[in-house]
Amino acid sequence: MKRKINKKRITRSSFGAGMLYLLPSILLFGIFLFYPMFKTLYLSLFWTDTQGNPVQYVGLENFMYLFESPSFMTSIKATLLFVLYTVPVGIVLALILALLANENVKGIGFFRTMFSSTIGMSVAASSVIWMLMYNPAIGIFNKILSAIHLPELQWLLDPDYALISVAISTIWMNTGFSFLILLGGLQNIDERLYENARIAGVGTWYKLRNITLPMLSPTLFFVVTVSIIGAFQSFGQIDILTGGGPMESTNVIVYAIYKDAFINYDVGLASAQAVLLFFCILFVTILQFKIGERRVHYQ
Amino acid sequence: MSAIHLVNIIKSYDGKTKVVEDINVEIQEGEFFVLVGPSGCGKSTMLRMIAGLEDITEGDLFINGNKATSLLPHERNLSMVFQNYALYPHMTVEKNITFGLYKQKLSKSEQKKRCDEAAEMLGLTPYLQRKPKALSGGQRQRVALARAIVTQSPICLMDEPLSNLDAKLRTKMRSELRQLQRLLGITMVYVTHDQTEAMTMADRMMILNHGQIQQVGKPLEIYNQPNNEFVATFIGAPPMNVANMKVIDHTCVLSDHITIPLPHDVDPTASYAKIGVRAEDITLASENDYLFTGEIVNVEILGTETLLTFAIDEKNQWLAKLNGQWDIQIGEKVPLSIESHHIHLFDEHGQTMFQSKKKAVSSYQVKDALPKEKLL
Ligand SMILES: Nc1ncnc2c1ncn2[C@@H]1O[C@H](COP(=O)(O)OP(=O)(O)OP(=O)(O)O)[C@@H](O)[C@H]1O
Ligand SMILES: [Mg+2]
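Listed in order, the protein sequences are those of chains A and B. Taking numbering that gives the first Met the number 0, the leading residue of the first sequence gets 0, the next gets one more, and so forth. Taking numbering that gives the first Met the number 0, the leading residue of the second sequence gets 0, the next gets one more, and so forth.
Chain B with its partners taken away, still in its complex shape (with noise of 0.2 angstroms):
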């Protein structure tokens, strides 16, 4: 049974245009689900009419299999923890912690156990009695937390919890939450606008644009094969390389010094746009299979990988992701090479005709690869 269904979801603030549109997913039990999307594209509306606090235009939704669509935010027994936190400022940490206890009637040394239980998880005790003012962003930010885990939810609503914190303390919370998550087992909707955050922490997410699905997945079945161009561009950092190009005698033609051939298994005759290549899958060429030399522009070593980029015609330029470190100078004309079945095809309305095969490799595929006493 799904935790959450949500079944031709539409919202519309002002009855004309639509902020979300034809939305149909089914959120699974324990799933760690992301919405993810750029600004402005509806993902805190969707969020906002599973908490009940936005009306449903059209459509249903249904919570553990129960028609919700029209319940009240704390019929939907659920938890929200807010992008800006939502803190009391006049009430101290524990108060704040048991605020949600509210309706659920419990009596006051059970409230004290589970509130001590979340602080002792997060780390809080010894804040217990200050009022939030009093506490650094980190810490207000597992306070939210704290209030949603009290609650007992199955499911927890979140958005943009970490858009706050510093970029190192958002590496961490990441895989906090994420282990909460798991060691609590329950259901999370996360939004966000950072595709590096969906696609760490993700059991599958929804990549949103225009308040239209583009698709739904697990994170690297969505890099890998990703439906369309806005996808391909969306997700991964850095984004996709894409570009306009002509499909003439079974060849991409780039520009005038770069051709890509095409996949054996493409029909050639389809109609074809553009051309989606990884920053990873543009690798330096040996002698057999040189495509075309890129002038770079510019070199960015960041320790374990060495981003280069080069001009494709007078207007664009492209990213290529080589491992390791590489003593590249700028002006340097290097001899670059694509497999040609990495490649991704889109038509002129960015839909994809043709993607690359990737998929990660498992550790039994590895570990058939090695002789068996090595394993030990």
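Looking at chain A on its own, in the form it has when it is part of the complex (with noise of 0.2 angstroms):
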């Protein structure tokens, strides 16, 4: 009877003693995170004025609206388009960079610094830097493209190439990251089991599709899964190169949530389109750790 008692005296102050490690982040989280996110679930059901306060409740006009609105479609395809665009060959040009300076020959530290470097450079420097690189009159692609008597491009005014242009740069900036990661899952992989298969003399192909791509596959899989979030997320490169344009063909979901937020002043609105931007990237998340449970090989 006693010793039941005390078990249960030491359950409550564990509990307490371990709810109070967690409360820093539980606050954290809680007013920038969970706070937010329940006040935009709350704002999407209504509508709003010009401050963002609610003043009538709509229940699911604002959703309805949306999936009607021909500007949202375009704002879906773009977003998709774009994921499409940067994240597959965004990993790809990574994986290649972080196997060749996974190499180890003289004054590869010098590569692998000039690989990883764009992670030091904030979105709004390089997307300047880009901006200048795909101006029409003085930037160096239409010089190129001229030196190589192919026609100019109009690459951020373009409707067809404005999208790429953005993905393009997006690529470049988000390399260093990817690069980073999986060169730090390459040099996890045990020497001996290249130096086993060596010994076999198998391949360099054979060696990357069944050791190297196996045993990097939980690395490959989080860069993924970043990947992919970010490139919904985008928004920086956005703004500053295409402002959305030109004919929305770049307005991604979330720039098209910050227009109608802060430049329409609808905050209802906005608030059901990123409720929705929300969902989306939790389906594609948990269909990828679906997929990936099956071809990720943890240790």
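Hints should not be assumed to be uniformly reliable.
[To be verified] Pairs of lysine-lysine, PhoX-like flavour, derived with a Cα cap of 20 angstroms:
1) LYS94(B) <-> LYS66(B)
2) LYS94(B) <-> LYS104(B)
3) LYS102(B) <-> LYS112(B)
4) LYS314(B) <-> LYS245(B)
5) LYS206(A) <-> LYS94(B)
6) LYS130(B) <-> LYS111(B)
7) LYS104(B) <-> LYS206(A)
8) LYS38(A) <-> LYS258(A)
9) LYS206(A) <-> LYS102(B)
10) LYS357(B) <-> LYS217(B)
11) LYS132(B) <-> LYS94(B)
12) LYS105(A) <-> LYS15(B)
What the hints contain is simulated information worked out from the structure, not anything from laboratory work. Computed from a prediction, not measured in an experiment: that's the story for all the values here.
Both chains are sitting in their own frames, so use the hints and assemble them into the complex.
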């Protein structure tokens, strides 16, 4: 009997201690994550005034409006295309660079620094540089095109090319991060596995497919997940390079949210889009984990 | 013809310091050859040079009489087992085992047959479809062995393959490995830092220290006739007792009360600096061979033998190993004896100047000593 009471007391006091340890992160998450999240969910069900205060409860009307709006459909299309352009190419590029930089040759440190250096550039600064490079009159890309006698392009002003142009600059910005993580993953692979392969005499391609990629799969999975989420949420480069234009061709959802909330002052509508984006990312991530479970080999 | 022949091998990683130096050794076909030495002495480096995983800085390597110094690892026709097994965690045991057959271009059914044979031999058949994660340490070890065996390479290299196993399993695997090697007739080069493993498994062994060969020979030869103080104290458990001494009047003087007469055939004028005595060569004295008295500071009874620790001076202690069980108390003063032809003498550099002439007793000698009718 006595023991039981004791046990209960210990459980209760250790629960208190546990909560105490959790308190800082619960507070942080609560203020900056959970509260805004629920507020957004709440606001998405209202018509709001220009200050963003809820005026009238409208149920799912904001969502209905969105699904019928062609501009929202353009946004979704732009967002999905943007993910499609940036993620696969970005990761394959980072992987190739990481594989190259993982070789032990003299001076490799220089290349490792170079390849990862984009991590140190802010999105804003790199966007400005890319904007100069895309400039039709003075930008380097058009100089190159004219040098090899190709017609010059209106990189950021042509609706057919604007999204691709933004995607290219985004790939460049994200490569450093993906490269660094993938390189770390490669260096974590036990060298003995490769030595055994050398004694067995397997070829480079076989080694890549049967040792490197499977052993790297947890890292790859992480990079893919983070990249997809990052691509869904890209904002800075779009704001600086195109401002969502031309003809809404680069108006990805995050940018549309920004415009609706802070330019059109329709916070309810913006919130509804934010909620949709949230579920969209959630869905993709869950899907990924389901696929990942079967394909990823954790040690 | 020797299976592996190393000629004047030198290895340096940084171009300045030599990690192994002047290695000359021939390893015979079908031999179980053990490389043993303390940590960092260059054993793995030597093995990896033989495997081709590490460049040879200077010197030549011959495999089956052919120059192999600059062959690629897979051109040397050998297999290797790593200390941490280096199994592929994402492949099944079967895939792991057949991995090494990639270059041999065997048909699927031949691969399967070889894999099944090896698995059968090592008791792995029930685990073929499992991933390494779902195996015990000993089973993983066997998978690594099986992977080496399936290739049917005539030479197998092993780098401390048993060091991740617990003591009991290690003893068991030691004998299994040895039997397997005999059965398949492979030439084995085996690296270990454990002198017991070396002594119990080797046909011949090579003792390395600081990248230099200290001695090459059969285990018992090395145990009985060590080349120098390092070998004497490295091989054998407990290690050989060594002490500084002076020769005065044809007697080794260790301290005030411990003196040991020199054997008759020793040149008394040479400069001896140290004396070495194996623990089992120190015996309880009887009336006519009493040499000195040891005050016992520790007793370890192991069932078949008793280890006595006694002080020879303020700083140094020696061990005596007595057969059987002895009820001796700590603090007791025990009369001890050493036969003078069992001692080893070293000069100030630790080189052996005189060594005991002990040899293993062969069964023929025993048989000769017995009356004929008892041998039936
Ligand atoms: N890749 C390397 N680069 C530079 N020095 C190395 C390298 N590998 C080993 N060494 C050095 O070479 C020496 C011998 O190393 P080695 O691994 O051969 O020792 P070992 O006898 O196998 O030791 P252990 O029993 O601890 O495995 C060590 O001093 C080590 O520091
Ligand atoms: Mg080693």
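Going through the hints against the structure:
1. LYS94(B) <-> LYS66(B): 33 angstroms, violated
2. LYS94(B) <-> LYS104(B): 15 angstroms, holds
3. LYS102(B) <-> LYS112(B): 17 angstroms, holds
4. LYS314(B) <-> LYS245(B): With Cα atoms ~17 angstroms apart, LYS314(B) and LYS245(B) stay inside 20 angstroms; holds.
5. LYS206(A) <-> LYS94(B): Roughly 14 angstroms between the alpha carbons, so the hint for LYS206(A) and LYS94(B) holds.
6. LYS130(B) <-> LYS111(B): 17 angstroms, holds
7. LYS104(B) <-> LYS206(A): 16 angstroms, holds
8. LYS38(A) <-> LYS258(A): Judged against 20 angstroms, a Cα distance of about 19 angstroms means the pair holds.
9. LYS206(A) <-> LYS102(B): 13 angstroms, holds
10. LYS357(B) <-> LYS217(B): 14 angstroms, holds
11. LYS132(B) <-> LYS94(B): Answer holds: LYS132(B) to LYS94(B) is near 14 angstroms, not above 20 angstroms.
12. LYS105(A) <-> LYS15(B): Since the Cα atoms of LYS105(A) and LYS15(B) sit roughly 18 angstroms apart, the hinted pair holds (cutoff 20 angstroms).
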